[in-house]
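Residue numbers (our numbering), protein chains in the order written: chain H, 3 to 157; chain B, 7 to 669.
If you are wondering where the hints come from, they were derived from the structure by calculation, not from laboratory data. Don't take every hint at face value.
Said to hold, decoys possible - So the derived list for chain B, only partly shown, Cβ under 8 Å to chain H, looks like this:
id	residue
1	PRO180
2	MET350
3	ALA366
4	SER370
5	GLY374
6	GLY392
7	VAL399
8	PRO402
What the hints assert, rightly or not - Derived DSS-like pairs (lysine-lysine); straight-line CA-CA distance at most 30 Å:
id	chain 1	residue 1	chain 2	residue 2
9	H	LYS102	B	LYS550
10	H	LYS99	B	LYS550
11	H	LYS8	H	LYS51
Don't be surprised by glycine CBs; every beta carbon is placed ideally from N, CA and C.
Spelled out from the first residue to the last, the chains are:
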Amino acid sequence: MKPRHKRFMFIGLGLIALAVASMLVLNAFQSNLVFFFTPTQVANAEVPKGRGFRIGGMVEDGSLTRESDGLTVHFVVTDLAKRVPVTFKGILPDLFKEGKGVVAQGQLGPDGTFLASEVLAKHDENYMPPEAADALAKAKAAGAQSSSTLVVNPR
Amino acid sequence: MIPEIGHYALILALCVSVVLGSLPIYGAAVGNSMLMSVAKPAARGQFLLILLAFCCLGYAFADKDFSVLYVAATSNSQLPLHYRLAAIWGAHEGSLLLWVFILSIWMVAVSFFSTHLPEAMRARILGVMGLVSMGFILFMLTVSNPFERLIPAALDGRDLNPLLQDPGMVIHPPMLYMGYVGFSVAFAFAIAALLGGTLDATWARWSRPWTTVAWCFLTVGVAMGSGWAYYELGWGGWWFWDPVENASFMPWLAGTALIHSLAVTDKRGGFKAWSVLLAIFAFSLSLLGTFLVRSGVLTSVHAFATDPKRGLFILVFLAVVIGGSLILYAWRAPRVGLGGGFSMVSREGMLMANNVLLVAALGSVLLGTLYPLFLDALDLGKISVGPPYFDTVFVPLMTPAIFLMGIGPLAQWKKASLPELATRLRWAFGVSLVTALALPLAMGQWTPLISLGLMMAIWIVTTSAVGLRERLAHADGSSLLGRLAAVPRAYWGMLLAHCGVALFIIGVTMVKGFEVEQDLRMNVGETATIGGYTFQFDGTQQYKGPNYIAARGTFRVSQDGREVTVMYPEKRRYNVQNQTMTEAAISPGLLRDLYVSLGEPLDDGAWSVRLYHKPFIDWIWGGCLVMAVGGVLAISDRRYRLAWRRKEVDVPAATQMARQTVS
Numbered sequence: 003m004k005p006r007h008k009r010f011m012f013i014g015l016g017l018i019a020l021a022v023a024s025m026l027v028l029n030a031f032q033s034n035l036v037f038f039f040t041p042t043q044v045a046n047a048e049v050p051k052g053r054g055f056r057i058g059g060m061v062e063d064g065s066l067t068r069e070s071d072g073l074t075v076h077f078v079v080t081d082l083a084k085r086v087p088v089t090f091k092g093i094l095p096d097l098f099k100e101g102k103g104v105v106a107q108g109q110l111g112p113d114g115t116f117l118a119s120e121v122l123a124k125h126d127e128n129y130m131p132p133e134a135a136d137a138l139a140k141a142k143a144a145g146a147q148s149s150s151t152l153v154v155n156p157r
Numbered sequence: 007m008i009p010e011i012g013h014y015a016l017i018l019a020l021c022v023s024v025v026l027g028s029l030p031i032y033g034a035a036v037g038n039s040m041l042m043s044v045a046k047p048a049a050r051g052q053f054l055l056i057l058l059a060f061c062c063l064g065y066a067f068a069d070k071d072f073s074v075l076y077v078a079a080t081s082n083s084q085l086p087l088h089y090r091l092a093a094i095w096g097a098h099e100g101s102l103l104l105w106v107f108i109l110s111i112w113m114v115a116v117s118f119f120s121t122h123l124p125e126a127m128r129a130r131i132l133g134v135m136g137l138v139s140m141g142f143i144l145f146m147l148t149v150s151n152p153f154e155r156l157i158p159a160a161l162d163g164r165d166l167n168p169l170l171q172d173p174g175m176v177i178h179p180p181m182l183y184m185g186y187v188g189f190s191v192a193f194a195f196a197i198a199a200l201l202g203g204t205l206d207a208t209w210a211r212w213s214r215p216w217t218t219v220a221w222c223f224l225t226v227g228v229a230m231g232s233g234w235a236y237y238e239l240g241w242g243g244w245w246f247w248d249p250v251e252n253a254s255f256m257p258w259l260a261g262t263a264l265i266h267s268l269a270v271t272d273k274r275g276g277f278k279a280w281s282v283l284l285a286i287f288a289f290s291l292s293l294l295g296t297f298l299v300r301s302g303v304l305t306s307v308h309a310f311a312t313d314p315k316r317g318l319f320i321l322v323f324l325a326v327v328i329g330g331s332l333i334l335y336a337w338r339a340p341r342v343g344l345g346g347g348f349s350m351v352s353r354e355g356m357l358m359a360n361n362v363l364l365v366a367a368l369g370s371v372l373l374g375t376l377y378p379l380f381l382d383a384l385d386l387g388k389i390s391v392g393p394p395y396f397d398t399v400f401v402p403l404m405t406p407a408i409f410l411m412g413i414g415p416l417a418q419w420k421k422a423s424l425p426e427l428a429t430r431l432r433w434a435f436g437v438s439l440v441t442a443l444a445l446p447l448a449m450g451q452w453t454p455l456i457s458l459g460l461m462m463a464i465w466i467v468t469t470s471a472v473g474l475r476e477r478l479a480h481a482d483g484s485s486l487l488g489r490l491a492a493v494p495r496a497y498w499g500m501l502l503a504h505c506g507v508a509l510f511i512i513g514v515t516m517v518k519g520f521e522v523e524q525d526l527r528m529n530v531g532e533t534a535t536i537g538g539y540t541f542q543f544d545g546t547q548q549y550k551g552p553n554y555i556a557a558r559g560t561f562r563v564s565q566d567g568r569e570v571t572v573m574y575p576e577k578r579r580y581n582v583q584n585q586t587m588t589e590a591a592i593s594p595g596l597l598r599d600l601y602v603s604l605g606e607p608l609d610d611g612a613w614s615v616r617l618y619h620k621p622f623i624d625w626i627w628g629g630c631l632v633m634a635v636g637g638v639l640a641i642s643d644r645r646y647r648l649a650w651r652r653k654e655v656d657v658p659a660a661t662q663m664a665r666q667t668v669s
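Between the sequences and the hints, there should be enough to build the whole structure, so can you do that?
Here's what the structure looks like:
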């Protein structure tokens, strides 16, 4: 093989490898994107069927109930316009509290209950997860309902 | 008064950095050695000024001076002294000061260990580092000053985030920053070489030890961050593919690619332009990481909206550093030349493949980290990229890289023969294949991923053994010990670092394949068994810490009826921020960790509890430590020490005499 052909082969193989790697990456990327929806969007059936997504808002006051196994919990996520009941089995994060912001990841069950596989609360006491704050702000902007008790305080 | 002294020292340091960033570089361009000789004293003077500023901030924290805004925001009078001092780097402003402080440490180190460099090179290197520090100090003085006063003074501080009140927090950021900022030396070497147009093998030999030291610090820093997440976040994960973690992982990938590419530049003179580009990337990603983590942009891109000046400064700074160095690169790199040719099957070829794979991995992490931020910034919706993405991408990208890791060190430079390599490695391959298939079966669970992981780990170890044996066969010396001593330390370092990767892979594989997790409700006196260990819950007691109150649970752990250990997980409530924290109890071991954390209190003293049995998890961090030790061993190699010593002899007698008369 002449050096020139060799170089072509080099470059060709490199390009093929690059193409394969990009395809792999983009494919994985596409199938692992998790979209975020607000309770209003869930109520309007804008969410994908059979695919996981994230939902965010505020945990409604007084909505938290616990089953006797001590692990399965039910609560309601609201953006003060619409409410979505959520079921989660596991240990809730330290910062989970009624009246505070929350983001949960999971799927929508057939009965309209959100079955959370993960409840996220990587924030401190006076901080609202940006997604949750956003959901509340959107619902408020839509003029559905306003609340004077709500303090959205992203740091 | 003290904070003002610190502030003033910072202003003076800015002035010095302006001098350092201009005169020596200009001097090097026109060949004026008077101007070039400014670099050394300026770098050292700047170090003293920033040290002073750093001590002033430390004093303000120790003294509980809540009239300083930053102190009031990140500490509290109840906070113990060591955490008050660690709070210096507990938030944005102070961590920038730490960054600049560490940069000045590196500059002083360069000024001391660069006697063997040509004067113009040294002047340019220190000048470039001076420019970087100028940018950072300017940023602090204009928009994020840690010495800003709070008038009237706060009665007490808002306290340090309880998550950060941990011994790991005291050393993790300085370690990580030593790594981040250490890449600025490699960057400065690269820019200096571009400016001077002297990119050759000696350049690579000079910048190699600096890059490796920075890489070692970064390796330990990233590992410590992962360890901190494991025991402090309280839920047993060790890596979440969280943007904050990715921000530290990306420079690591670039740095790993860089040390391999520099090896080719050093030994064969090839990959020169590529090494320079990687040095620029590694440092740019370090800058990006610093800003991503500390600017608040990750919690929300709109955090910038609350302080647009800060965001603007960061963007402009990044654009100047990255854009400027890339333009310089585009302008000067074509002159560099390509170096010797090589065949596809050769050590160069395999190191190139290693670099391509590492950079592809880097690109995929960058995509997964920045894409959601872009979408959010452009108001195109909120998304997140889950850990499954990174897992799916990393396994296929790293598998060939690790396979090559076994072959590369055995292949010849320039041109190697595949059949010959196959013969040399057939035993290593056979042993790793058979063990990888048989071992999981013996442990009672077989999945393709467990076998793949074990195979890669054993492959690294066996090929290292083959390589070492061949080295010993060719080494001079009659006794085995003599021959062992004849093998250069750089080679030992490489073997050790590669075996560190093997340990790491074993840890990851075993944890992913065999860990047992159980969330359950436990009444007082109840027992639960996982992984052969029986946990008995003896209830919780109230307990008072220095700045928190805690419920402390007692778990008696037994194996085969014999008590092994007693574990005390806690649920803490920190007084000032009224924040709850889970403190897991961990019983570490060489072959397994036991991990208990308290969930929530239920009725009758019962708690929801999470129990883990994590086999081999400590190997993950042990592997990282071994990698770093390998790096240290490599830079202690004779050839680097010789470079310094030779220069001392070379210094002309006249200058030495002149020095003596001056002193």
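Pair hint LYS8/H and LYS51/H, alpha-carbon separation not exceeding 30 Å = Given pair LYS8/H, LYS51/H is violated - Cα atoms ~51 Å apart, limit 30 Å.
inquiry  = SER370/B was flagged as interface toward chain H. Is the shortest Cβ-Cβ separation under 8 Å?
reply    = 5 Å, holds
query = Given ALA366/B was flagged as interface, is its beta-carbon under 8 Å from a beta-carbon of chain H?
reply = 5 Å, holds
ask   = Measuring from the C-beta of GLY392/B to each C-beta in chain H, is the shortest one below 8 Å?
value = 5 Å, holds
inquiry  = Please verify whether LYS102/H and LYS550/B have alpha carbons no more than 30 Å apart.
reply    = It holds: about 27 Å lies between the C-alpha atoms, which stays within 30 Å.
request  = Let me know if the C-beta of PRO180/B comes in closer than 8 Å to any C-beta of chain H, holds or violated.
outcome  = 24 Å, violated
ask   = Is LYS99/H within 30 Å of LYS550/B, Cα to Cα?
value = Judged against 30 Å, a Cα distance of about 24 Å means the pair holds.
request  = Have a go at the GLY374/B hint: is there a Cβ in chain H nearer than 8 Å to its own Cβ?
outcome  = Holds, because the Cβ-Cβ distance from GLY374/B to chain H comes to roughly 7 Å (cut-off 8 Å).
ask   = Quick one, is the VAL399/B hint okay against chain H at 8 Å, beta carbons?
value = 5 Å, holds
request  = So, PRO402/B near chain H? Judge it on the closest CB pair being under 8 Å.
outcome  = Hint on PRO402/B: holds, closest Cβ of chain H at ~6 Å, below 8 Å.
ask   = Measuring from the C-beta of MET350/B to each C-beta in chain H, is the shortest one below 8 Å?
value = 6 Å, holds
Violated hints, in rising order: 1 and 11; the structure is consistent with all others.
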